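Novice: Numbering-wise, numbering that gives the first Met the number 0 puts 474 at position 475 of the sequence shown, and it's gapless, one number per residue.
Bear in mind the hints are in silico, worked out from the structure with no lab data behind them. Bear in mind that the values here come from a model prediction, so they are computed numbers and not experimental data. You may find that some hints are simply not true.
[As the list claims (entries may be wrong)] Ranges of calculated distance between the beta carbons of each label pair, as one might list FRET restraints:
# : residue 1 : residue 2 : range
1 : 473       : 345       : 53 to 59 Å
2 : 105       : 143       : 19 to 25 Å
3 : 499       : 137       : 26 to 32 Å
4 : 499       : 203       : 23 to 29 Å
5 : 463       : 344       : 52 to 58 Å
6 : 51        : 276       : 24 to 30 Å
7 : 91        : 137       : 21 to 27 Å
8 : 110       : 259       : 33 to 39 Å
Cβ atoms here follow ideal geometry from the backbone N, Cα and C, with glycine treated the same way.
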Amino acid sequence: MKKRRFAAVILAVMFLALNCGCKNKNKSGPSASSSKKSEETSVTAELLCNFSDSFDPFTAATELNRRLSKLLYDSLIKVDENFEPYYCLALSAEVKDKECTVKIKSAAFTDGSNVTAEDIIYSYEAAKNSAAYGLQLYEVTGAKAASSDTVVFSLSRYDRYFVNLLDFPIIKKNSDKSADSDGVIIPPVGSGRYKADTENMCFIQNEAYFGEKGEIKKIKLINTPDFESESHYVEIGACDIYYADLSDGNIVRMSGKRCDLNLNNLVYIGINGNNEALKNSYLRYAISSAIDRKAVCSQSYYTNALPAKGFFHPDFEPTKALQTINFSSDLEITVENLAKIGYNSLDESGYRVNSDGRHITLSLLVNSENASRKAAASQIADQLKEAGIEIKVIEKSYAEYTADLAAGSFDLYLGEIKILKNMDLSPLVISGGSAAFGVVNPEKPKEGGEDTDKPAVSIEDAYNGYFAGTYSAADLESILLTQMPQIPICYRNGILFFDSDIKSGVRATESDIYFSIEKYKYKK
(Lines of atoms letter the chains of each structure in order from A and count residues from 1; the text may use other names and numbers.)
(Lines give C-alpha, C1' and ligand atoms only; values in the text may rest on other atoms or scores of the structure.)
Protein backbone atom coordinates (compact mmCIF):
# COMPACT_ATOMS: atom_id res chain seq x y z
CA MET A 1 0.00 0.00 0.00
CA LYS A 2 1.33 3.42 -0.90
CA LYS A 3 2.32 5.65 1.99
CA ARG A 4 -0.25 8.27 2.84
CA ARG A 5 0.82 11.87 3.21
CA PHE A 6 0.29 13.61 6.55
CA ALA A 7 -0.97 16.66 4.67
CA ALA A 8 -4.29 16.81 2.79
CA VAL A 9 -5.67 13.44 3.86
CA ILE A 10 -8.99 12.91 2.12
CA LEU A 11 -12.04 11.62 3.94
CA ALA A 12 -12.06 8.15 2.36
CA VAL A 13 -8.43 7.59 3.31
CA MET A 14 -9.13 8.88 6.82
CA PHE A 15 -11.75 6.21 7.48
CA LEU A 16 -9.57 3.54 5.91
CA ALA A 17 -6.74 4.52 8.22
CA LEU A 18 -8.91 4.05 11.29
CA ASN A 19 -9.23 0.35 10.56
CA CYS A 20 -5.90 -0.61 9.04
CA GLY A 21 -2.69 -2.18 10.20
CA CYS A 22 -2.69 -2.05 13.96
CA LYS A 23 -5.56 -4.33 14.93
CA ASN A 24 -5.66 -6.62 17.89
CA LYS A 25 -8.94 -5.24 19.26
CA ASN A 26 -12.12 -6.92 18.19
CA LYS A 27 -13.81 -3.65 17.28
CA SER A 28 -16.37 -2.76 14.65
CA GLY A 29 -15.68 0.96 15.04
CA PRO A 30 -13.96 3.50 17.28
CA SER A 31 -16.86 3.65 19.74
CA ALA A 32 -16.83 -0.04 20.61
CA SER A 33 -15.49 -1.07 24.01
CA SER A 34 -14.49 -4.72 23.64
CA SER A 35 -11.42 -6.25 25.30
CA LYS A 36 -8.03 -4.64 24.72
CA LYS A 37 -6.04 -7.68 25.82
CA SER A 38 -4.55 -10.56 23.92
CA GLU A 39 -3.33 -13.82 25.38
CA GLU A 40 0.18 -12.35 25.46
CA THR A 41 -1.03 -9.40 27.61
CA SER A 42 -0.58 -7.20 24.56
CA VAL A 43 -2.70 -4.07 24.48
CA THR A 44 -3.63 -1.78 21.62
CA ALA A 45 -4.60 1.70 22.78
CA GLU A 46 -6.35 4.34 20.70
CA LEU A 47 -5.35 8.00 20.78
CA LEU A 48 -6.38 11.09 18.87
CA CYS A 49 -4.08 12.87 16.43
CA ASN A 50 -4.19 15.15 13.41
CA PHE A 51 -3.18 13.39 10.20
CA SER A 52 -2.57 16.68 8.39
CA ASP A 53 0.00 17.73 10.99
CA SER A 54 3.54 16.49 11.56
CA PHE A 55 4.95 14.39 14.42
CA ASP A 56 8.13 16.47 14.34
CA PRO A 57 8.09 17.92 17.89
CA PHE A 58 9.60 21.20 16.72
CA THR A 59 7.34 21.90 13.74
CA ALA A 60 4.02 20.26 14.74
CA ALA A 61 1.27 22.87 14.73
CA THR A 62 -1.27 21.11 16.97
CA GLU A 63 -1.13 20.39 20.68
CA LEU A 64 -2.45 16.88 19.98
CA ASN A 65 0.56 15.93 17.89
CA ARG A 66 3.08 17.73 20.08
CA ARG A 67 1.87 15.73 23.08
CA LEU A 68 1.93 12.49 21.09
CA SER A 69 5.51 13.21 20.07
CA LYS A 70 6.53 12.66 23.70
CA LEU A 71 5.95 8.95 23.02
CA LEU A 72 8.35 8.99 20.06
CA TYR A 73 11.12 11.18 21.47
CA ASP A 74 12.73 11.03 24.86
CA SER A 75 13.98 14.18 26.55
CA LEU A 76 16.95 14.66 28.85
CA ILE A 77 14.55 15.03 31.77
CA LYS A 78 10.86 15.49 32.33
CA VAL A 79 9.28 17.28 35.25
CA ASP A 80 7.18 15.38 37.79
CA GLU A 81 4.05 16.39 39.73
CA ASN A 82 6.06 18.29 42.35
CA PHE A 83 8.16 20.18 39.79
CA GLU A 84 11.21 17.99 40.37
CA PRO A 85 13.36 16.70 37.48
CA TYR A 86 12.85 13.05 36.49
CA TYR A 87 15.87 11.82 34.56
CA CYS A 88 15.27 10.21 31.15
CA LEU A 89 18.18 10.38 28.69
CA ALA A 90 20.19 12.42 31.18
CA LEU A 91 22.28 10.42 33.63
CA SER A 92 23.06 13.56 35.61
CA ALA A 93 22.73 17.33 35.27
CA GLU A 94 24.63 19.84 37.39
CA VAL A 95 24.34 23.62 37.41
CA LYS A 96 27.46 25.47 38.51
CA ASP A 97 27.89 29.20 38.06
CA LYS A 98 26.65 29.92 34.52
CA GLU A 99 26.98 26.41 33.15
CA CYS A 100 24.89 23.25 33.22
CA THR A 101 26.78 20.03 32.54
CA VAL A 102 24.68 17.08 31.39
CA LYS A 103 25.93 13.51 31.09
CA ILE A 104 23.75 11.26 28.96
CA LYS A 105 22.86 7.59 29.41
CA SER A 106 23.80 4.84 27.02
CA ALA A 107 20.76 4.79 24.72
CA ALA A 108 19.99 4.07 21.08
CA PHE A 109 17.73 5.60 18.48
CA THR A 110 15.17 3.38 16.77
CA ASP A 111 17.53 2.98 13.81
CA GLY A 112 20.11 1.39 16.13
CA SER A 113 22.56 4.32 16.27
CA ASN A 114 23.70 5.65 19.65
CA VAL A 115 22.39 8.88 21.15
CA THR A 116 25.37 11.27 21.35
CA ALA A 117 26.14 14.76 22.56
CA GLU A 118 25.94 15.98 18.95
CA ASP A 119 22.31 14.82 18.79
CA ILE A 120 21.56 16.71 22.02
CA ILE A 121 23.09 19.90 20.65
CA TYR A 122 21.25 19.54 17.34
CA SER A 123 17.96 19.04 19.20
CA TYR A 124 18.66 22.00 21.48
CA GLU A 125 19.19 24.26 18.46
CA ALA A 126 15.95 23.02 16.87
CA ALA A 127 14.11 23.55 20.16
CA LYS A 128 15.56 27.03 20.65
CA ASN A 129 14.21 28.05 17.23
CA SER A 130 10.79 26.47 17.71
CA ALA A 131 7.57 28.09 18.90
CA ALA A 132 6.91 25.20 21.29
CA TYR A 133 10.22 25.24 23.21
CA GLY A 134 12.06 28.46 22.33
CA LEU A 135 10.72 30.53 25.21
CA GLN A 136 11.81 28.11 27.93
CA LEU A 137 15.41 28.13 26.68
CA TYR A 138 15.72 31.89 27.14
CA GLU A 139 18.70 31.58 29.50
CA VAL A 140 20.82 29.40 27.19
CA THR A 141 23.48 31.27 25.22
CA GLY A 142 25.07 28.18 23.66
CA ALA A 143 25.81 24.48 23.94
CA LYS A 144 28.94 22.42 23.25
CA ALA A 145 30.01 18.79 23.45
CA ALA A 146 32.62 18.14 26.15
CA SER A 147 32.73 14.50 25.05
CA SER A 148 30.52 12.05 23.14
CA ASP A 149 28.29 11.66 26.20
CA THR A 150 28.58 15.10 27.84
CA VAL A 151 26.96 18.41 26.89
CA VAL A 152 27.66 21.77 28.50
CA PHE A 153 24.97 24.46 28.27
CA SER A 154 26.17 28.04 28.74
CA LEU A 155 23.70 30.25 30.61
CA SER A 156 23.16 33.99 30.81
CA ARG A 157 22.90 33.69 34.61
CA TYR A 158 23.00 31.15 37.38
CA ASP A 159 19.66 29.37 37.74
CA ARG A 160 19.42 26.56 40.30
CA TYR A 161 16.27 25.17 38.65
CA PHE A 162 17.49 25.38 35.04
CA VAL A 163 17.55 21.57 34.78
CA ASN A 164 13.71 21.64 34.75
CA LEU A 165 13.85 23.34 31.34
CA LEU A 166 15.65 20.41 29.69
CA ASP A 167 12.45 18.55 28.82
CA PHE A 168 12.66 19.31 25.09
CA PRO A 169 12.58 16.23 22.80
CA ILE A 170 15.79 14.69 21.45
CA ILE A 171 15.93 13.71 17.77
CA LYS A 172 18.75 12.20 15.74
CA LYS A 173 20.90 14.83 14.06
CA ASN A 174 19.61 15.72 10.58
CA SER A 175 16.87 13.07 10.69
CA ASP A 176 14.22 15.78 10.43
CA LYS A 177 15.35 16.33 6.84
CA SER A 178 14.55 12.79 5.66
CA ALA A 179 11.77 12.12 3.13
CA ASP A 180 10.02 9.04 1.75
CA SER A 181 9.96 7.93 -1.90
CA ASP A 182 7.18 10.44 -2.61
CA GLY A 183 9.26 13.31 -1.24
CA VAL A 184 7.15 13.64 1.91
CA ILE A 185 9.09 14.57 5.04
CA ILE A 186 8.89 11.68 7.52
CA PRO A 187 9.03 11.96 11.31
CA PRO A 188 12.54 12.40 12.73
CA VAL A 189 14.27 9.41 14.33
CA GLY A 190 13.79 9.24 18.10
CA SER A 191 14.76 7.05 21.03
CA GLY A 192 11.36 7.04 22.77
CA ARG A 193 9.00 4.40 24.03
CA TYR A 194 7.34 4.05 20.61
CA LYS A 195 8.19 4.49 16.94
CA ALA A 196 5.89 5.78 14.23
CA ASP A 197 4.42 3.55 11.51
CA THR A 198 3.17 6.29 9.20
CA GLU A 199 1.97 3.83 6.56
CA ASN A 200 -0.51 2.23 8.97
CA MET A 201 -0.99 5.38 11.06
CA CYS A 202 -0.06 3.84 14.37
CA PHE A 203 2.76 3.77 16.89
CA ILE A 204 4.59 0.53 17.64
CA GLN A 205 6.41 -0.14 20.89
CA ASN A 206 10.15 0.40 20.60
CA GLU A 207 11.57 -2.98 21.60
CA ALA A 208 15.07 -1.48 21.79
CA TYR A 209 13.99 1.18 24.31
CA PHE A 210 16.49 1.43 27.17
CA GLY A 211 13.80 1.89 29.81
CA GLU A 212 10.78 -0.09 30.98
CA LYS A 213 8.38 -1.42 28.34
CA GLY A 214 4.71 -1.75 29.27
CA GLU A 215 1.59 -3.64 28.20
CA ILE A 216 0.64 -1.27 25.39
CA LYS A 217 2.37 -2.67 22.31
CA LYS A 218 0.57 -0.59 19.69
CA ILE A 219 -1.23 2.72 19.59
CA LYS A 220 -3.86 3.18 16.91
CA LEU A 221 -4.33 6.78 15.79
CA ILE A 222 -7.72 8.38 15.16
CA ASN A 223 -7.76 11.41 12.90
CA THR A 224 -9.36 14.51 14.44
CA PRO A 225 -8.73 17.41 12.04
CA ASP A 226 -10.60 19.99 14.15
CA PHE A 227 -11.99 20.57 17.62
CA GLU A 228 -15.49 19.42 16.65
CA SER A 229 -14.26 15.98 15.56
CA GLU A 230 -11.98 15.81 18.60
CA SER A 231 -14.92 16.51 20.90
CA HIS A 232 -17.07 13.96 19.08
CA TYR A 233 -14.58 11.10 19.44
CA VAL A 234 -13.99 11.94 23.10
CA GLU A 235 -17.70 12.03 23.90
CA ILE A 236 -18.41 8.65 22.23
CA GLY A 237 -15.49 7.03 24.06
CA ALA A 238 -13.38 6.30 20.98
CA CYS A 239 -10.02 7.10 22.58
CA ASP A 240 -8.38 5.57 25.64
CA ILE A 241 -6.60 8.68 26.91
CA TYR A 242 -7.55 12.34 26.48
CA TYR A 243 -6.05 15.48 27.98
CA ALA A 244 -7.86 18.78 28.61
CA ASP A 245 -5.95 21.81 29.92
CA LEU A 246 -9.18 23.82 30.49
CA SER A 247 -7.45 27.03 29.40
CA ASP A 248 -10.66 28.62 28.10
CA GLY A 249 -12.79 27.47 31.02
CA ASN A 250 -14.64 24.89 28.91
CA ILE A 251 -14.30 21.12 29.18
CA VAL A 252 -14.92 18.15 26.90
CA ARG A 253 -15.87 15.28 29.18
CA MET A 254 -14.86 11.67 28.62
CA SER A 255 -16.40 8.72 30.41
CA GLY A 256 -14.05 6.64 32.54
CA LYS A 257 -11.55 7.84 35.13
CA ARG A 258 -9.56 11.02 35.56
CA CYS A 259 -6.18 12.14 36.82
CA ASP A 260 -5.56 15.78 37.78
CA LEU A 261 -2.38 17.44 36.55
CA ASN A 262 -0.58 20.18 38.43
CA LEU A 263 -0.18 23.10 36.03
CA ASN A 264 2.17 25.97 36.76
CA ASN A 265 -0.58 28.40 35.72
CA LEU A 266 -1.18 31.07 38.34
CA VAL A 267 -4.50 32.91 38.40
CA TYR A 268 -3.98 36.21 40.21
CA ILE A 269 -5.31 39.70 40.82
CA GLY A 270 -3.02 42.22 39.15
CA ILE A 271 -2.56 45.54 40.92
CA ASN A 272 -2.02 48.96 39.39
CA GLY A 273 0.77 50.32 41.54
CA ASN A 274 0.08 53.84 40.28
CA ASN A 275 -3.28 53.85 42.08
CA GLU A 276 -2.72 55.90 45.24
CA ALA A 277 -4.91 53.68 47.43
CA LEU A 278 -3.33 50.45 46.18
CA LYS A 279 0.19 51.72 46.88
CA ASN A 280 -0.59 50.98 50.51
CA SER A 281 0.35 47.38 51.33
CA TYR A 282 -2.35 47.18 54.04
CA LEU A 283 -5.07 47.57 51.41
CA ARG A 284 -3.47 44.83 49.32
CA TYR A 285 -3.33 42.59 52.40
CA ALA A 286 -6.98 43.41 53.18
CA ILE A 287 -8.10 42.43 49.67
CA SER A 288 -6.10 39.20 49.79
CA SER A 289 -7.41 38.06 53.18
CA ALA A 290 -11.02 38.76 52.16
CA ILE A 291 -10.89 36.27 49.28
CA ASP A 292 -12.14 32.72 49.82
CA ARG A 293 -9.80 30.94 47.42
CA LYS A 294 -11.21 27.53 48.22
CA ALA A 295 -14.68 28.69 47.17
CA VAL A 296 -13.32 30.25 43.96
CA CYS A 297 -11.65 26.93 43.06
CA SER A 298 -14.76 24.86 43.75
CA GLN A 299 -17.35 27.17 42.19
CA SER A 300 -15.70 29.18 39.42
CA TYR A 301 -13.16 26.50 38.45
CA TYR A 302 -15.33 23.46 39.30
CA THR A 303 -12.55 22.02 41.54
CA ASN A 304 -10.10 22.12 38.63
CA ALA A 305 -7.73 24.41 40.54
CA LEU A 306 -5.74 24.51 43.79
CA PRO A 307 -6.00 27.50 46.15
CA ALA A 308 -2.79 29.52 46.23
CA LYS A 309 -1.08 29.71 49.60
CA GLY A 310 1.67 31.90 48.19
CA PHE A 311 3.24 32.93 44.92
CA PHE A 312 4.81 29.56 44.09
CA HIS A 313 2.76 26.45 43.38
CA PRO A 314 1.47 24.88 46.64
CA ASP A 315 3.17 21.55 45.74
CA PHE A 316 6.58 23.14 45.12
CA GLU A 317 8.53 21.69 48.04
CA PRO A 318 11.15 24.46 48.65
CA THR A 319 8.49 27.07 49.52
CA LYS A 320 5.72 24.99 51.12
CA ALA A 321 6.64 25.75 54.73
CA LEU A 322 6.64 29.55 54.27
CA GLN A 323 3.37 29.99 52.40
CA THR A 324 0.96 31.80 54.71
CA ILE A 325 -2.10 32.78 52.64
CA ASN A 326 -5.29 31.21 53.98
CA PHE A 327 -7.41 29.07 51.66
CA SER A 328 -10.58 30.57 53.18
CA SER A 329 -11.32 34.25 53.78
CA ASP A 330 -10.30 35.81 57.09
CA LEU A 331 -12.46 38.90 57.58
CA GLU A 332 -10.89 39.62 60.95
CA ILE A 333 -7.51 40.19 59.28
CA THR A 334 -9.21 42.26 56.57
CA VAL A 335 -10.89 44.52 59.16
CA GLU A 336 -7.57 44.94 61.02
CA ASN A 337 -5.74 45.97 57.86
CA LEU A 338 -8.49 48.37 56.76
CA ALA A 339 -8.45 49.94 60.22
CA LYS A 340 -4.71 50.64 59.81
CA ILE A 341 -5.49 52.87 56.83
CA GLY A 342 -8.42 54.63 58.47
CA TYR A 343 -11.47 52.59 57.44
CA ASN A 344 -12.88 51.96 60.89
CA SER A 345 -16.66 51.89 60.59
CA LEU A 346 -19.50 50.66 58.40
CA ASP A 347 -21.99 52.74 56.42
CA GLU A 348 -25.63 51.85 55.77
CA SER A 349 -24.66 49.74 52.74
CA GLY A 350 -22.17 47.67 54.72
CA TYR A 351 -19.04 49.27 53.24
CA ARG A 352 -16.05 50.19 55.42
CA VAL A 353 -15.67 53.98 55.51
CA ASN A 354 -13.02 56.45 56.66
CA SER A 355 -13.48 59.63 58.71
CA ASP A 356 -14.81 61.43 55.62
CA GLY A 357 -17.50 58.78 55.16
CA ARG A 358 -15.91 57.47 51.97
CA HIS A 359 -15.58 53.81 51.15
CA ILE A 360 -13.10 52.02 48.90
CA THR A 361 -14.26 51.54 45.30
CA LEU A 362 -12.05 49.75 42.80
CA SER A 363 -12.54 48.38 39.29
CA LEU A 364 -11.67 44.76 38.42
CA LEU A 365 -10.92 44.19 34.73
CA VAL A 366 -11.54 40.70 33.33
CA ASN A 367 -11.54 39.00 29.92
CA SER A 368 -15.19 38.29 29.11
CA GLU A 369 -14.20 35.45 26.76
CA ASN A 370 -12.82 33.24 29.53
CA ALA A 371 -15.72 31.58 31.33
CA SER A 372 -13.91 30.58 34.52
CA ARG A 373 -12.15 33.90 35.02
CA LYS A 374 -15.35 35.80 34.33
CA ALA A 375 -17.14 33.75 36.99
CA ALA A 376 -14.23 34.15 39.41
CA ALA A 377 -14.22 37.95 39.01
CA SER A 378 -17.90 38.12 39.91
CA GLN A 379 -17.40 35.79 42.87
CA ILE A 380 -14.41 37.77 44.17
CA ALA A 381 -16.40 41.03 43.90
CA ASP A 382 -19.14 39.49 46.05
CA GLN A 383 -16.59 38.31 48.62
CA LEU A 384 -14.98 41.75 48.84
CA LYS A 385 -18.38 43.42 49.20
CA GLU A 386 -18.95 41.22 52.25
CA ALA A 387 -15.66 42.58 53.61
CA GLY A 388 -16.78 46.18 53.04
CA ILE A 389 -14.89 46.91 49.79
CA GLU A 390 -16.75 47.82 46.60
CA ILE A 391 -15.52 46.15 43.42
CA LYS A 392 -16.92 47.05 40.02
CA VAL A 393 -16.26 44.22 37.54
CA ILE A 394 -15.48 45.43 34.01
CA GLU A 395 -15.80 42.71 31.37
CA LYS A 396 -14.06 43.27 28.05
CA SER A 397 -13.18 41.23 24.99
CA TYR A 398 -9.67 39.81 24.93
CA ALA A 399 -8.45 42.50 22.51
CA GLU A 400 -9.91 45.30 24.65
CA TYR A 401 -8.71 43.63 27.86
CA THR A 402 -5.09 43.40 26.67
CA ALA A 403 -5.21 46.96 25.33
CA ASP A 404 -6.35 48.26 28.74
CA LEU A 405 -3.60 46.30 30.47
CA ALA A 406 -0.95 47.75 28.18
CA ALA A 407 -2.32 51.25 28.73
CA GLY A 408 -2.58 50.83 32.50
CA SER A 409 -6.32 51.56 32.35
CA PHE A 410 -7.39 49.54 35.39
CA ASP A 411 -7.28 49.44 39.17
CA LEU A 412 -7.23 45.66 39.46
CA TYR A 413 -7.38 42.93 36.83
CA LEU A 414 -7.88 39.18 36.96
CA GLY A 415 -5.16 37.47 34.96
CA GLU A 416 -3.36 34.20 34.46
CA ILE A 417 0.31 33.50 33.77
CA LYS A 418 2.03 30.29 32.76
CA ILE A 419 5.16 30.12 34.88
CA LEU A 420 8.07 28.29 33.31
CA LYS A 421 9.27 25.06 34.92
CA ASN A 422 12.27 26.80 36.50
CA MET A 423 9.72 28.67 38.64
CA ASP A 424 10.77 32.12 37.39
CA LEU A 425 8.12 34.59 38.57
CA SER A 426 10.10 37.69 37.59
CA PRO A 427 8.00 38.43 34.45
CA LEU A 428 5.00 38.89 36.76
CA VAL A 429 6.45 40.66 39.80
CA ILE A 430 9.29 42.86 38.54
CA SER A 431 8.45 46.19 36.95
CA GLY A 432 8.97 45.95 33.19
CA GLY A 433 8.27 42.21 33.12
CA SER A 434 6.23 40.82 30.23
CA ALA A 435 3.21 40.26 32.51
CA ALA A 436 3.92 42.89 35.18
CA PHE A 437 1.13 45.23 34.16
CA GLY A 438 0.86 48.06 36.67
CA VAL A 439 3.70 46.76 38.84
CA VAL A 440 5.77 49.54 40.39
CA ASN A 441 8.48 48.02 42.58
CA PRO A 442 9.48 50.48 45.33
CA GLU A 443 13.15 51.17 45.76
CA LYS A 444 14.85 49.95 48.91
CA PRO A 445 15.46 52.61 51.62
CA LYS A 446 18.68 54.54 51.56
CA GLU A 447 21.32 53.74 54.11
CA GLY A 448 20.61 55.59 57.30
CA GLY A 449 17.07 54.73 56.78
CA GLU A 450 14.55 57.54 56.85
CA ASP A 451 12.36 55.94 54.19
CA THR A 452 10.57 53.68 56.63
CA ASP A 453 7.68 53.11 54.21
CA LYS A 454 10.02 51.35 51.79
CA PRO A 455 10.91 47.65 52.13
CA ALA A 456 14.34 46.65 53.39
CA VAL A 457 14.87 44.59 50.23
CA SER A 458 13.28 45.49 46.90
CA ILE A 459 11.78 42.68 44.83
CA GLU A 460 14.22 43.45 42.03
CA ASP A 461 17.18 43.16 44.42
CA ALA A 462 15.68 39.97 45.85
CA TYR A 463 15.52 38.46 42.37
CA ASN A 464 19.06 39.54 41.57
CA GLY A 465 20.15 37.84 44.79
CA TYR A 466 18.09 34.77 43.92
CA PHE A 467 19.82 34.36 40.56
CA ALA A 468 23.18 35.12 42.15
CA GLY A 469 22.59 32.27 44.58
CA THR A 470 22.40 34.39 47.75
CA TYR A 471 18.62 34.08 48.17
CA SER A 472 16.68 30.81 48.12
CA ALA A 473 13.21 30.27 46.66
CA ALA A 474 11.91 30.30 50.24
CA ASP A 475 13.55 33.71 50.84
CA LEU A 476 11.99 35.02 47.67
CA GLU A 477 8.54 33.69 48.62
CA SER A 478 8.76 35.47 51.97
CA ILE A 479 9.69 38.79 50.33
CA LEU A 480 6.91 38.50 47.75
CA LEU A 481 4.31 37.72 50.41
CA THR A 482 5.45 40.73 52.45
CA GLN A 483 5.30 43.19 49.56
CA MET A 484 2.49 41.51 47.57
CA PRO A 485 2.97 43.22 44.18
CA GLN A 486 0.14 40.99 42.88
CA ILE A 487 -2.43 38.85 44.74
CA PRO A 488 -2.23 35.07 44.08
CA ILE A 489 -5.63 33.34 43.82
CA CYS A 490 -5.16 29.77 42.58
CA TYR A 491 -3.20 27.41 40.37
CA ARG A 492 -5.22 25.73 37.63
CA ASN A 493 -5.22 21.97 37.01
CA GLY A 494 -5.39 20.04 33.78
CA ILE A 495 -7.26 16.73 33.51
CA LEU A 496 -6.19 13.44 31.97
CA PHE A 497 -9.20 11.23 31.24
CA PHE A 498 -8.52 7.54 30.70
CA ASP A 499 -10.42 4.36 29.94
CA SER A 500 -11.92 2.44 32.87
CA ASP A 501 -10.05 -0.69 31.73
CA ILE A 502 -6.82 0.96 32.89
CA LYS A 503 -6.82 -0.09 36.53
CA SER A 504 -3.56 1.44 37.81
CA GLY A 505 -0.23 3.07 37.02
CA VAL A 506 -1.50 6.38 35.65
CA ARG A 507 0.68 9.39 36.34
CA ALA A 508 0.61 12.48 34.17
CA THR A 509 2.39 15.81 34.22
CA GLU A 510 2.36 18.88 32.04
CA SER A 511 5.86 17.94 30.92
CA ASP A 512 4.56 14.60 29.59
CA ILE A 513 0.88 13.66 29.80
CA TYR A 514 1.97 10.06 29.06
CA PHE A 515 4.47 10.23 31.93
CA SER A 516 3.90 6.63 33.09
CA ILE A 517 2.29 4.92 30.08
CA GLU A 518 4.76 2.05 30.41
CA LYS A 519 3.31 1.31 33.87
CA TYR A 520 -0.37 1.23 32.88
CA LYS A 521 -2.03 -1.97 34.08
CA TYR A 522 -5.20 -3.17 32.39
CA LYS A 523 -8.01 -5.25 33.81
CA LYS A 524 -7.57 -8.93 32.98
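Novice: Of the numbered hints stated previously, which ones are contradicted by the structure, given in increasing order?
Specialist: Structure breaks hints 1, 3, 5 and 6.
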